[in-house]
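Going by numbering that gives the first Met the number 0, the first residue of the sequence shown is number 0, and it counts up by one from there.
For the record, the hints were derived by calculation from the structure and aren't laboratory data.
These numbers come from a predicted model, not from an experiment.
Among the hints, a few may not be true.
[To be verified] With a cut-off of at most 27 angstroms between alpha-carbon atoms, the simulated BS3-like pairs for lysine-lysine come out as follows:
| no. | residue 1 | residue 2 |
| --- | --- | --- |
| 1 | LYS60 | LYS90 |
| 2 | LYS113 | LYS82 |
| 3 | LYS90 | LYS32 |
| 4 | LYS113 | LYS60 |
| 5 | LYS57 | LYS32 |
| 6 | LYS82 | LYS60 |
| 7 | LYS82 | LYS65 |
| 8 | LYS113 | LYS57 |
| 9 | LYS57 | LYS82 |
| 10 | LYS82 | LYS32 |
| 11 | LYS65 | LYS113 |
| 12 | LYS60 | LYS32 |
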Amino acid sequence: MAGFFGSSDDATPSKDERSYVENVVSDIANLNKYANASFVGDRQTMIECFNAISWGDKQVKENIRKYCEADHAERQLIDDVYKVVCPYFDKVQGPTFNTMSLWLKSRLHMQHQKEPFNPVHP
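Throw the hints in and build the complete structure from the sequences for me.
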């Protein structure tokens with residue numbers, strides 16, 4: 000019998016089948032897990048977290064340019080939200096983490112376009 004995601008009832012949905020909310024939660028969790036793994040040098044977990052990001056979400060990919068072209072105040076608001084959901088953002092460095100961060104910021108920017116965030120005071 001087909002489950003909710005069009006596969007067997009006990010199957011885990013693929014990254015492409017997850018809902019928007021599931022992707023947001025997963026991306027935030029994987030970014031933070033990546034940060035924690037980087038502190039202890041756990042390269043395998045870092046790779047797994049990078050690969051688990053919702054890279055296949057075309058909406059986020061298409062929104063990256065809009066996020067980058069947003070005015071300073073709007074990008075600052077997104078950065079403030081990002082700092083709340085990824086508290087170790089300033090302790091991890093490197094192109095992989097930066098790429099994951101840009102992806103999440105693009106996702107947050109998309110959400111802000113649909114339902115504007117209130118100012119954040121971290």
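Which hints from the list above does the structure break, by number from lowest to highest?
The structure conflicts with no hint, since it agrees with every one listed earlier.
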